[in-house]
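Engineer: Sequence:
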Amino acid sequence: MNFKFLLFLKAAIKRMELTIKVHDNIKSARLRKLLDICLFPAALINVVKLCLNYKTKASKKKHFKYNLALCSIIKNEAPYISEWIDYHKKIGIQHLYIYDNDSDDGLQDILTPYIKNGDVTYCKIKGMSRQHDAYNDCLNKHELEAKYIFFLDADEFVFCPNSNSNLFNIVNSFFVNQYVGGLAINWIIFGSSGYVSRSGESVTKTFLRRSEKNFEKNKHIKTVCNPRKVLGFTSAHFPVYLKKFYAINEVGEKIYGPISKQVHVDKIRINHYFTKSKREFIIKKNRGEADNFSKRSMKDFYDHDRNEVFDNSIMKKIVEENNEENYNFRNR
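Residue numbers (the working numbering): 1 to 332.
Please keep in mind that the hints were generated in silico from the structure rather than gathered at the bench.
A few of these clues could be false.
To be verified - Pairs of lysine-lysine residues, derived as DSBU-like cross-links and limited to a Cα-Cα distance of at most 35 angstroms, are as follows:
#1 Lys62 x Lys49
#2 Lys126 x Lys316
#3 Lys27 x Lys60
#4 Lys65 x Lys126
#5 Lys90 x Lys65
#6 Lys116 x Lys244
#7 Lys285 x Lys244
#8 Lys244 x Lys65
#9 Lys60 x Lys278
#10 Lys65 x Lys10
#11 Lys89 x Lys65
#12 Lys254 x Lys62
#13 Lys217 x Lys205
#14 Lys49 x Lys10
#15 Lys60 x Lys89
#16 Lys317 x Lys89
#17 Lys49 x Lys65
#18 Lys60 x Lys217
#19 Lys61 x Lys49
#20 Lys90 x Lys33
#21 Lys317 x Lys10
What the hints assert, rightly or not - Pairwise CB distance ranges, derived in the manner of DEER restraints:
#22 Lys261 x Gly118: 24 to 32 angstroms
#23 Ser173 x Ser202: 27 to 35 angstroms
#24 Ser297 x Ser59: 42 to 50 angstroms
#25 Leu44 x Gly194: 20 to 28 angstroms
#26 Glu308 x Tyr179: 32 to 40 angstroms
#27 Ser297 x Phe215: 16 to 24 angstroms
#28 Leu35 x Val176: 36 to 44 angstroms
#29 Arg279 x Gly118: 33 to 41 angstroms
#30 Phe5 x Lys261: 17 to 25 angstroms
#31 Val309 x Ser173: 40 to 48 angstroms
#32 Phe5 x Gly194: 25 to 33 angstroms
Just so you know, these numbers come straight off a predicted model, no measurement behind them.
Just so it is clear, CB atoms sit at the ideal spot from N, CA and C, and this is done for glycine as well.
Using the sequences provided together with the hints, build the complete structure.
Structural biologist: See the structure below:
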């Protein structure tokens, strides 16, 4: 078996509702893997089912409840979640699918108004390493609801630095070719801007220093996709697509995995506020990662705390679009 087929099979296994339910009840990573292997025959049937579903139903769907939606798994992001949701709603995200991963900081209370207004579909998901399960569950439940879905974390902000066009029009322009299944978007790492603890201001106002464009870690990508062309997620960054479909970057190059060869961020990028302040990073580190069973180390903070470039472009755009004043553009 070659690597491509094994990855295809792994995605088919992870996409199954049965797999997600098994992971709901099994905490051990080793036991999850063993049980996933046992689901191999069912996964083959699931591949056929998804391919037939695309040909007979999904490919023919022309009208959607939402043009742009966003899916995220979140744990203890209560201090930041309102800014993140409001920003993305402002730029054109019409709906958010939020998976609450054992938050105990009042996240649900903050989300309640958004849920009541119909802006957020809220789902609880328990246990460690559930990001792939959340993303695959979103595909299973909502692939026919949204034309395109972004799959992002709550410290990642979609940003089009050189355009005032509608976000949907920008995204839609990359899917002219019928075989394009997803757009791979490079991120730009923002550092701590010298903050040791939380400033009390919004994320986009506080952290105005970032890495150079060609910083190695900016080769990572995140995805907005046509969910009906996706087989499943085995990576938080990059899904496995159904046969014939593929991802491209903003310059039209095919992308085959979660890391690109070059960084392209002129048309669209992800502002990734990876570290925030040092103390905020320590809190983030201690809650663990969403896509595996490990915890980050302080080395991750120092590796990502890049502040070479002053960049207030996202804040300027927010100010311009909202006619806000009293922002301090001081170069920290």
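Engineer: Would you pick out the hints that fail for this structure and give their numbers low to high?
Structural biologist: 2, 3, 6, 7, 9, 18, 20, 21, 22, 25, 31 and 32
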